[in-house]
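Here the protein sequences line up with chains R and C, keeping their order.
Quick note: the first sequence, position 163, residue 163 per this note's numbering, numbers continuous.
Remember, this note's numbering sits 264 above the position in the second sequence when you count from 1.
Hints are not guaranteed to be accurate.
Stated by the list, open to error - No farther apart than 20 Å at their CA atoms in a straight line, the calculated lysine to any residue pairs in the SDA-like style are these: (1) C:K470 with R:K60; (2) R:K206 with C:R267; (3) C:K451 with R:E160; (4) R:K60 with R:A137; (5) R:K206 with C:Y310.
As the list claims (entries may be wrong) - Which bits of chain C does chain R cover? Going by a derived footprint, with three or more residues having C-beta under 8 Å, they are: (6) 303–316; (7) 337–343; (8) 361–374; (9) 440–452; (10) 500–514; (11) 517–524.
To be clear, the hints were calculated from the coordinates, so they are not data collected in a lab.
Glycine included, each C-beta is placed from N, C-alpha and C at the ideal position.
There are 2 protein chains.
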Amino acid sequence: MFRIALIGAGNVASHLAEALESAGHRITEVFSRRKKNAVMLAEKLYQATPTDKLDFTASKADVFIIAVADAALSELLHQLQLPPQAIVVHTSGTLSMNLLAILNRPHGVFYPLQTFSKHKPVEWQRIPICLEASDKATIDILAQIASDISTNVYAISSEERKQIHLAAVIACNFANHLWHIAWQILKPIGIPFHLFRPLLQETLEKAMQMPPHKVQTGPAIRGDIPVMEQHLALLTAHSPLWAEIYQLISQSIAETAARTVAKT
Amino acid sequence: MFRIALIGAGNVASHLAEALESAGHRITEVFSRRKKNAVMLAEKLYQATPTDKLDFTASKADVFIIAVADAALSELLHQLQLPPQAIVVHTSGTLSMNLLAILNRPHGVFYPLQTFSKHKPVEWQRIPICLEASDKATIDILAQIASDISTNVYAISSEERKQIHLAAVIACNFANHLWHIAWQILKPIGIPFHLFRPLLQETLEKAMQMPPHKVQTGPAIRGDIPVMEQHLALLTAHSPLWAEIYQLISQSIAETAARTVAKT
Numbered sequence: 001m002f003r004i005a006l007i008g009a010g011n012v013a014s015h016l017a018e019a020l021e022s023a024g025h026r027i028t029e030v031f032s033r034r035k036k037n038a039v040m041l042a043e044k045l046y047q048a049t050p051t052d053k054l055d056f057t058a059s060k061a062d063v064f065i066i067a068v069a070d071a072a073l074s075e076l077l078h079q080l081q082l083p084p085q086a087i088v089v090h091t092s093g094t095l096s097m098n099l100l101a102i103l104n105r106p107h108g109v110f111y112p113l114q115t116f117s118k119h120k121p122v123e124w125q126r127i128p129i130c131l132e133a134s135d136k137a138t139i140d141i142l143a144q145i146a147s148d149i150s151t152n153v154y155a156i157s158s159e160e161r162k163q164i165h166l167a168a169v170i171a172c173n174f175a176n177h178l179w180h181i182a183w184q185i186l187k188p189i190g191i192p193f194h195l196f197r198p199l200l201q202e203t204l205e206k207a208m209q210m211p212p213h214k215v216q217t218g219p220a221i222r223g224d225i226p227v228m229e230q231h232l233a234l235l236t237a238h239s240p241l242w243a244e245i246y247q248l249i250s251q252s253i254a255e256t257a258a259r260t261v262a263k264t
Numbered sequence: 265m266f267r268i269a270l271i272g273a274g275n276v277a278s279h280l281a282e283a284l285e286s287a288g289h290r291i292t293e294v295f296s297r298r299k300k301n302a303v304m305l306a307e308k309l310y311q312a313t314p315t316d317k318l319d320f321t322a323s324k325a326d327v328f329i330i331a332v333a334d335a336a337l338s339e340l341l342h343q344l345q346l347p348p349q350a351i352v353v354h355t356s357g358t359l360s361m362n363l364l365a366i367l368n369r370p371h372g373v374f375y376p377l378q379t380f381s382k383h384k385p386v387e388w389q390r391i392p393i394c395l396e397a398s399d400k401a402t403i404d405i406l407a408q409i410a411s412d413i414s415t416n417v418y419a420i421s422s423e424e425r426k427q428i429h430l431a432a433v434i435a436c437n438f439a440n441h442l443w444h445i446a447w448q449i450l451k452p453i454g455i456p457f458h459l460f461r462p463l464l465q466e467t468l469e470k471a472m473q474m475p476p477h478k479v480q481t482g483p484a485i486r487g488d489i490p491v492m493e494q495h496l497a498l499l500t501a502h503s504p505l506w507a508e509i510y511q512l513i514s515q516s517i518a519e520t521a522a523r524t525v526a527k528t
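Please model the entire structure based on the sequences and the hints provided.
Here it is in structure tokens:
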């Protein structure tokens, strides 16, 4: 059992706090610049103290997990005061571990590869947790904590983590935006987007079972120019920018197919 | 129970044939230009006759379902000879129903909104089937057949179907290509793409529960320029075209957010 302080009270901090307590760890403090948010999260926990102060010199926590927006980290680090025994990690997909070196404590990264929403519980067991640490003792502690809440724990360098985060933005954030575009196309004809669920679920299943380029379908990979021209015309009426996106992704699909054929 | 002839023996035709027979209909003939393919599909069915001839004047089928590539339809229609009683439909997402008028039979469209793979069974009950017909009697027959295999049956005009197909290409084919890009980014660092399953599944769940733009996350919607610049640099090393796609989708995400804010 570790005593863990959470710096941050947003979605990542909230989900993490509950998972850690369920796994038998104890949250000692919850920090938020807005005291109210710290209080709200602390109330859901066993006996965490909410605070809006960054002086933790008297804290008994073994581990400090910083889960704040990337942009807020740097300023926060200049104000954060830690007890001598603490190790400290951040949860960012993009920021280097080395930023934490100025705290003069063993430090690391604890990056859960998931998108968290306020009221939606997540299944922690399957969420990959990417770890990095300044030294062997710290990675061992982080691995112990991570494996208490997930079966998918990985040691990942800062450089690798940046690539993973980039891939996640493209695979998830961008896919979600494509779904927004589809949603907007369907809206005027009164078709609810959830009709696409079986199609999207099946596409996802296939992409998980073999490399996505091997299950690529659609007009771009068939080189079906008439259909693509029809689509571009329809799409331009919605948004010229979307038509541009259509063209570039179709081009990339065609180039991928050409490269694959050239290799075989 | 209807007697149904299948013109085509590819993925759509195969999945449809088995679903129709499971629902109590009878497949009378299976046509493919390659006799071998017709034979292979017919062997899986109750008593379908395989053929590579398009003369069906002696057929007893009530309904002809044409499930061939869009590009092959036009030539096929000039050779197809139907019995007097038949109604005829195609299964295309993009082609107009009116193409079938030259056959001088009641005609329509039977478009299942799903992506079909050779060896992967699909759950027909939830697949939306989009119907269109030249007359009331025909739409009634199609609705009867469709509702035998799916609970999601819709009357959709040719114009609407084109929009649906466009939305499907963007939501599925293009999302799959983004997953290919992510796959390529992860490959050199030895991260298997299936680690992204919880993240993708969660993103999909959210997009099904509320309009996707309301659950949009990532650097583009936060206006996080440093992260986006880092991503563009990493991505350009993989492919300048992918970097261009990154830029345009990020721009579209930002514009969507700006429009939403402007409206509220």
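Against the structure, the hints come out as follows:
no., hint, in the structure
1, C:K470 with R:K60, "violated (38 Å)"
2, R:K206 with C:R267, "violated (33 Å)"
3, C:K451 with R:E160, "holds (11 Å)"
4, R:K60 with R:A137, "holds (19 Å)"
5, R:K206 with C:Y310, "violated (29 Å)"
6, 303–316, "violated (count 0)"
7, 337–343, "violated (count 0)"
8, 361–374, "violated (count 0)"
9, 440–452, "holds (count 11)"
10, 500–514, "holds (count 8)"
11, 517–524, "holds (count 3)"
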